[in-house]
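Colleague: Work out the full structure, taking the sequences as your base and the hints as a guide.
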Amino acid sequence: MKNWYKILSVLLILYTIFLGLLGSVPRLDILNETIRNLYYHVPIWFAMLFMMSVSIWYAIKYLLSSNAVHEVKSFTAAKVGFFLSIPGIITGCLWAKFTWGTYWTFQDPKLNGVAIGILIYMAYFILRSSITDELKRARISAVYNIFAYVMLIVFIMILPRLTDSLHPGNGGNPAFGKYDLDNNMRLVFYPAIIGWICFSWWIFNVKNRIAQLNLKLNDQ
Amino acid sequence: MNLNQISTLIKKEFLLEFRQKASLGGILVYVAATVFISALSFKGQIHTHEWNALFWVILLFASVTISSKSFLKETKGLGLFNYVYYSARTFIMAKIIFNMVLMLIISLITLFFYIWFIGGNIQNFSLFFITLALSSTGFAGVLSLMSAIASKANNNFALMSILSFPVLMPMVMISIRLSRQAIDGLSWSVSYDFLLILAALNVLVIMLANLLFPYLWND
Amino acid sequence: MINKIYFIAFLFAALVTNAQEATQPQMADGMRAEGKIYVVVAVMAVIFLCVAAYLFRIDKKLKKLEDDLKNNTSTSSVTDKEKKK
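Protein chains in written order, with the numbering used here: chain Y, 1 to 220; chain B, 221 to 439; chain W, 440 to 524.
In short, the hints are calculated from the structure, not lab data. It is possible that some hints are incorrect.
Claimed, not checked - Quick look at which bits of chain Y chain W covers, simulated, 3 or more residues with Cβ under 8 Å: (1) 38-49; (2) 207-215.
Unchecked claim - Okay, derived cross-link-like pairs now, DSS-like style, lysine-lysine, Cα gap no bigger than 30 Å in a straight line: (3) Y:K61 <-> W:K502; (4) Y:K110 <-> Y:K97; (5) Y:K216 <-> W:K475; (6) W:K500 <-> Y:K79; (7) W:K500 <-> Y:K207; (8) W:K499 <-> Y:K136; (9) Y:K136 <-> B:K232.
On a predicted model such as this, the values are computed, not experimentally measured, just so you know. In this text, a Cβ means the ideal position worked out from N, Cα and C, and glycines have one as well.
Modeller: Here it is as structure tokens:
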């Protein structure tokens, strides 16, 4: 059964829609009912990070093998990751408006990390579109992709040391560990992550097959 | 990688740089003009934190300008000779070291102009100097690779800054933090952590540049 | 009669939410008590199912296209070989 993960993703996300809204959550000040956004906002970021890692994986594979198929996969994964960052950022902004009072703040390292990540991906797409020679384009954008990804990971790792975070778990805020201990929430949160990662892989799979068909047609 | 070859390459770079007085002088004028404009627009009323941020922004743009032309010369006949004669790693190491020295010199000149025109009171100057040295090493590592990439893509200055600004961000953030601590004159023990992170970041960047540059070189 | 039952239910829900407001952070308890939350869940589920079904259809069509292309290339290569013969 090749399509198991597609069905699994649909079932898991449906499950999170039902239990995420109907299940019981801890009653907390400020967060109130918005705590349920944890089931939708955070898994999308996980899926985006997963897609970025897939993109890097194929970029490395391309540099080692010089097979154009891998480079197309890497580019497609970057596009899917970039697409996922849009719902991620909008749900985050809405949540921030409700709990912190603003849509966007530069005080928070996670938000800054996300902004830099989006800038890096935009730079990657611009770089790719500015080179016309196909072989050259594949090689150069793969190199930039790998370098930028490493710097992004470094940025996300060191930034919390530089500034306090408004996100739970950093800088004196109540940690998510507190809610994670709530077994009801864990029961929805973990399936949500798996569901969204599978869903992003499905989108990646479809987009990649279209891109591979295009590649084949161009070769003929 | 060959140390002798690296040193000859660096010597050649410096020779070329000093022979072409226009390019080096251009950067000096650029830095002086930028600092002068900032001095005029702030009219002496500037707090230490803004002083610091402005200094790093000027330095960032100057660094990108310096390094953006470091692969310009390699696109023509000379590049072919280098390609045959030197290995990719030797070449990128020479570029990084050359850029590092150049950026350190330019950043000191910028600092000199900056203090002269705008004024400033750095309490812990040795920490400030170490921060400058470490950050110019890291900037050189990142920007050498980025200018190699930009030179393959039609050598566009806008592209160069688009590519390098987000990637430079972690270093800039740490450098700004460190230099702020130097200006405020905090004790060394506060800064050790950040100095260590910056040094580790430099090692990482130079290793990555060494690892990735051969793939750009061999096409 | 039904109206009365609704009224009592509403009163009860309002009472419950009021009692909780005094001691605990405010939640959308009224929405739950009235059952309107099921509408939200149903709407979200329907939207998501539509998107998923659409993706499934695209997947199917793509599969067909891939198969077509594979058959085409194999047949064309066969004809090429025949021509060479």
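Colleague: Quickly compare the C-alpha distance for K110 of chain Y and K97 of chain Y to 30 Å and report which way the hint goes.
Modeller: 16 Å, holds
Colleague: Hint check: K500 of chain W vs K207 of chain Y, CA-CA at most 30 Å. Holds or violated?
Modeller: 13 Å, holds
Colleague: Please count how many residues of the region 38-49 of chain Y have a CB within 8 Å of a CB from chain W and say whether that reaches 3.
Modeller: violated (count 0)
Colleague: Assess, step by step, whether the Cα of K216 of chain Y is no farther than 30 Å from the Cα of K475 of chain W, and give holds or violated.
Modeller: This hinted pair is violated, its Cα atoms lying about 52 Å apart.
Colleague: Between K136 of chain Y and K232 of chain B, is the straight-line Cα distance small enough, at 30 Å or below?
Modeller: Satisfied, since the Cα-Cα distance of roughly 28 Å is no more than 30 Å.
Colleague: For the region 207-215 of chain Y, does the count of residues with a C-beta closer than 8 Å to a C-beta of chain W reach 3?
Modeller: Satisfied; 3 residues make the cut.
Colleague: Against the 30 Å threshold, does the CA-CA distance of K499 of chain W and K136 of chain Y hold or violate the hint?
Modeller: 34 Å, violated
Colleague: Is the Cα-Cα distance between K500 of chain W and K79 of chain Y 30 Å or less?
Modeller: Distance of about 21 Å is within 30 Å: holds.
Colleague: Taking 30 Å as the top limit, are the C-alpha atoms of K61 of chain Y and K502 of chain W close enough?
Modeller: 26 Å, holds
When held up to the earlier numbered hints, the structure conflicts with 1, 5, 8 and fits the remainder.
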